[in-house]
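Protein chains: 4
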Amino acid sequence: MRFAFLLLFTAGALYAQPRARDLGVPFEGTPGPLNAITDVAGVGVGHTTLVLGSGALVVGKGPVRTGVTAVVPRLGATDPVFAAWYSLNGNGEMTGTAWIEESGQLEGPVMITNTHSVGVVRDAVIAWMVENYPEFRWALPVVAETYDGVLNDINGFHVKPEHVFTALNTAATGAVPEGAVGGGTGMICNGFKGGIGTSSRTLSSEHGGFTVGVLVQCNYGTKAGLHIAGVPVGREIKGPGLCVEGDVPPSRENLRSLPTCTATNGADKGEDGSIIVIVATDAPLLPVQLKRLAQRVPLGLGKLGSIASTFSGDLFVAFSTANNGLIGREPATVTMWPNDRIDPLFRATIQATEEAVVNAMVAAETMTGADNIRVRALPHDELRAILTRYNRVITQE
Amino acid sequence: MRFAFLLLFTAGALYAQPRARDLGVPFEGTPGPLNAITDVAGVGVGHTTLVLGSGALVVGKGPVRTGVTAVVPRLGATDPVFAAWYSLNGNGEMTGTAWIEESGQLEGPVMITNTHSVGVVRDAVIAWMVENYPEFRWALPVVAETYDGVLNDINGFHVKPEHVFTALNTAATGAVPEGAVGGGTGMICNGFKGGIGTSSRTLSSEHGGFTVGVLVQCNYGTKAGLHIAGVPVGREIKGPGLCVEGDVPPSRENLRSLPTCTATNGADKGEDGSIIVIVATDAPLLPVQLKRLAQRVPLGLGKLGSIASTFSGDLFVAFSTANNGLIGREPATVTMWPNDRIDPLFRATIQATEEAVVNAMVAAETMTGADNIRVRALPHDELRAILTRYNRVITQE
Amino acid sequence: MRFAFLLLFTAGALYAQPRARDLGVPFEGTPGPLNAITDVAGVGVGHTTLVLGSGALVVGKGPVRTGVTAVVPRLGATDPVFAAWYSLNGNGEMTGTAWIEESGQLEGPVMITNTHSVGVVRDAVIAWMVENYPEFRWALPVVAETYDGVLNDINGFHVKPEHVFTALNTAATGAVPEGAVGGGTGMICNGFKGGIGTSSRTLSSEHGGFTVGVLVQCNYGTKAGLHIAGVPVGREIKGPGLCVEGDVPPSRENLRSLPTCTATNGADKGEDGSIIVIVATDAPLLPVQLKRLAQRVPLGLGKLGSIASTFSGDLFVAFSTANNGLIGREPATVTMWPNDRIDPLFRATIQATEEAVVNAMVAAETMTGADNIRVRALPHDELRAILTRYNRVITQE
Amino acid sequence: MRFAFLLLFTAGALYAQPRARDLGVPFEGTPGPLNAITDVAGVGVGHTTLVLGSGALVVGKGPVRTGVTAVVPRLGATDPVFAAWYSLNGNGEMTGTAWIEESGQLEGPVMITNTHSVGVVRDAVIAWMVENYPEFRWALPVVAETYDGVLNDINGFHVKPEHVFTALNTAATGAVPEGAVGGGTGMICNGFKGGIGTSSRTLSSEHGGFTVGVLVQCNYGTKAGLHIAGVPVGREIKGPGLCVEGDVPPSRENLRSLPTCTATNGADKGEDGSIIVIVATDAPLLPVQLKRLAQRVPLGLGKLGSIASTFSGDLFVAFSTANNGLIGREPATVTMWPNDRIDPLFRATIQATEEAVVNAMVAAETMTGADNIRVRALPHDELRAILTRYNRVITQE
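Residue numbers (numbering that gives the first Met the number 0), protein chains in the order written: chain W, 0 to 396; chain E, 0 to 396; chain S, 0 to 396; chain Y, 0 to 396.
Bound conformation, chain W alone:
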């Protein structure tokens, strides 16, 4: 096996990907121009995607289906943002949360990768900050993960510091590549191919005119539980979401029961995934208010059928780009949006979370990974047909 990575520098021209609302899936609320977390001014996203090799899993030699995603709250600036986090189910890692909880601030990027590469990403962020942050002394980087060990040679530790630097250095505003990119490369979402998804909502001027953007790395759930627009589409879509191409069963004990891809039925994959959700807003919210946003994420996931399985790391972080000058030795003057008018921001968070997950699934294409395990893309036409049967599709002129 030739061991050179295919590095997709995904800040480029990939935004021809279809998105959920293109298929007529109904969502509530008004998205921003990009319908992405980057609708929040200043937020940048960068992906490093690692796809290499095929065939049987050989630890340390692939196949590789993984990557790193960087979400930078203030592109080109290093001052902190107010932030908060919430764990719906803590079978996951998000480093740096003790300081978010203590200070109410996020002092660098939020990174997402696979479960076994959190460490390398974390220390690489520090190395990157040593270079890029003025008067740097120490850092407690925020790195989250989901598990891509079904498709990816996760114990091969294929993410390297340079992949982290690339994700950070290519982080950009503009359209965000979705699906099997960056940290989401090898992920499985509600039984279909998943990965990175994003969405946004804008509020009317009466409600402050703010934007809420959400980015998810979606790797949780089962096909059986999937609801879209309130419709139980998971159980209506025919055939298995995961299967094995060819006759050789996976080398891993827990995956041997996967059906072959010619089967018309087959057991659902179990609940061993996770979802990381990043909520960004330009509304001037204090940390105590951003925690409330993070705590609304489950209300969106509930609609999709999530049970927040015990095997799932469902960790959410929310930040606001609104208030500057939070660091240093001078008192800061900050703006606080009134609690009495915060409901539209709650609603926007829930709506954008729901849509970001469906966007991740709609964008991701079928992928075959380690041990010839294939994870199927959500079938667009079948989804649309099912929604039509339930009177829940939007027909465009």
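Derived from the structure by calculation, the hints contain no laboratory data.
What you were told as hints is all true, and nothing was included just to trick you.
Keeping only pairs whose Cα atoms sit at most 25 Å apart, straight-line, the calculated PhoX-like set for lysine-lysine is:
#  : chain 1 : residue 1 : chain 2 : residue 2
1  : E       : 60        : S       : 159
2  : S       : 159       : S       : 60
3  : W       : 60        : W       : 159
4  : W       : 159       : Y       : 60
5  : S       : 159       : E       : 159
6  : Y       : 159       : W       : 159
7  : Y       : 159       : W       : 60
8  : Y       : 60        : Y       : 159
9  : E       : 159       : S       : 60
10 : E       : 60        : E       : 159
Quantities reported herein were computed from a predicted structural model and do not represent experimental measurements.
Please arrange chains E, S and Y on chain W, whose structure you already have, making use of the hints.
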């Protein structure tokens, strides 16, 4: 005005009330025999319902539309149960939570009443425990609330200690009266008349054969946001949920914009409600596991359209009746259900929460309260017709 | 028994009480002019003290040794303050904390009373707010407690709404009566007579010139564990802290082992107390920062020998009077003190907590209560002699 | 500079180090035979100590003063222990806490290293578990840190996976090397040389006969604030704790104000340290009870003068080795020690925390690191002399 209360001792024969699944609303999972929190063996429920007077609000003189509900974890016993709690939105009161958090135990009943009667109920529970608990020294009772001040003369403080004693002394197993009873008497749920609702799920023997029961006091949400079975029924049901009978607008500034009941349209009531959710199970869960159940409640509320408004007190408590002997000076031997098999309990909690809310709405009848404000019952036939249009009704033979 | 209360309206001239530093106890830091929580401008304190009867405990008939203390963050104003709370050990009640946690705000007074009177005080605060707050709709009052059932007929429920109104209406700036007053009337602190104590620290202009004030209701701890100024004074002071006058043992099973007051030795009372700590500051701290102040309180209690017993309700609330205009529908402009300069506020909180506890003990006089149980005042001369032996007394010229 | 590490495999014969009670420092309670965390049966400790080079700081080239410490809850076994954690001040990292909080369990070792090596240690633990854990699928390792960047070339990232493996593979029962070893190699504690310290307490059979062991990596605090045995020894000890040998000031801006080592006075180092505390016990405590132990750690630190500075990562984890069989698919039968008898375990935690910190300081020897910065050992004789002046020394026959 004659000031004698109509005390409905509701442990009686009221279970002819219709329930959500009687209307063909689809739910997932298998309910217990009563489809109620009392399917968990030993759990008792008692209501004291206070309905008196009509017409204009005169503080201290009514009209009265309030009450007290008691949920007793171990009827006839006084030893604690393992417990945990979670606040989705803390604009509400649940006393006694510091000790639940600290000890992982619940040492008495859980009471629910109106916002301004939490105090009287709390101290009355102590007085009741002085009489009923052996070697009693002090207590930190758990009392929760939602706000019934739209229909009820809440500042008249009409709940008295004897109403608390009655709810506790009549707490019983068996069918649980739902709708406008007990603490739920004056409540408004998703824009329609709400109150108390309950539901349960039983698990197969493969999953331990346990029961999860949920009881809600539902007073949150807006008509516009209501989804049932994934269908946006709230915005499809015609006419306002709240209105004023006759020509005299309410005496309260914030309610003057309510439409008259002959109007065919009208503004939705705002988000000034709350929901208390009590989750009971006989599964042998530790406190750390019960907190996980409490944290799954939002996944059920999300399906119904909840945004957990800033004006809402969304407070949840979960307890397990499984382990005895938790108090005293001897080490206790307790059973812990494995985390690896806890998902079915999560799913049951979500399912029963969703159904309990709909049950509260289906059971509650139209009520007219203070200032001739009328809150409409959820229209059963219209609901059924809407669900049919969305291919989401269950037709029984 | 004549059943009329002795109401001590304690906002008057009682400040001739001795205080800890008058005895030469060394403390660090610089107190404010009053060395009291009222050094924080705008903070008012009011006490209602209930002392009536003597002799055997007859439930409902006394003797009465209890009361109510009100701490009002902004005397004469009704807008909220930023706030946070922390539970070191949750065997206690502090109502209203779900909303403090959620909103980061405290919207009324903080009340302290006995364990079994929290309810009556809570509802009375609502009744008082109905009268005194503009456009009042609902409230979630903050009421905390400690247990005075050793000296007081706690199950007699002697605190009434009028006692609450009195504490609130007489709340005043100026010197704060300490010891056996208000909610602290019947309390026992580190094995000696305790109750209310207060202290403050002022910071140099380099550190912002702020004031931190602390008020405690001290009812925790054992004589054996008491340290003052690092010296194990508890075990050095001779004789028991609690005893029974005369030959009749207490009617309560758990107190029958108390020594008679003529004994020279005797078992220490157990750890069934609690401590409520209120931290006030005029430093412009956000809620996330005030939580940090609340979490520093244990560092002060640790010095005194606290173990935060399982039987103790050690609940702390911190608020800042600095930022106004936190309520309503307009965005608020608030000032945030930088985290990088917050350490002096941490230190001040710890120092003032330590001194407030010692002040409560120094001020309180020996009291005899129900069942002729006597709780001894901390002996001033003996304390001073012990500190001298340990080279830890301050000698004034 | 030759770049080969001096690896001190510290499980050897280093226990001739002096300890605090050898100097006559008074402590309360009864230590176990080793007065170490390893008095809790089954707990193993391993250190990898990295000391290399001297002179000016050259990033990536040293000098190196750092390492890794492993605390293994069950030597030779892989089943989880019940656990809980608490953050007194979150300016630090402890990975894996989301799962501890969620599950109440700790599934591998607790590692401690420097701030910028948490990542490499974390991923290396996974690699080690891949080799050593049966049916391994994924892991969320617990790795904590404090900042050694004053003495150590922290941005040189000198900790490598093999150092982690060594610490894990040499983890052993028996005496625990203290001071400048393992993760504590380059640490500064209360202004003097610090690092690893440990202590234990055993309870009488009346209290269950349990052991509580504590291990700290001590890097917090200032000389000015240090109290030992209640005596303000920090301000009484003459001369600076940190200084620069020779005439060349440190290359780092924030350290340029350090005095030269020939000075007799000098500014204290600031509060940029941290302390990690690991509490182990064989008492059968549930997760909810272990959290209580973790929350008692501040009561011990308070006695030493800690203010839990904003610059400090004060993170604590507590675990119990008592209950086995917590993983898998069968219900576990576990023992719970009664809350009513938990106070002695609280007291033991506080006492052992206090002593472990002093032990770390007593064991550590003066060290010179990067930029010729010298951190002085706590002077034993001077300490003893000061304690004698305050009548707080224990004189042995």
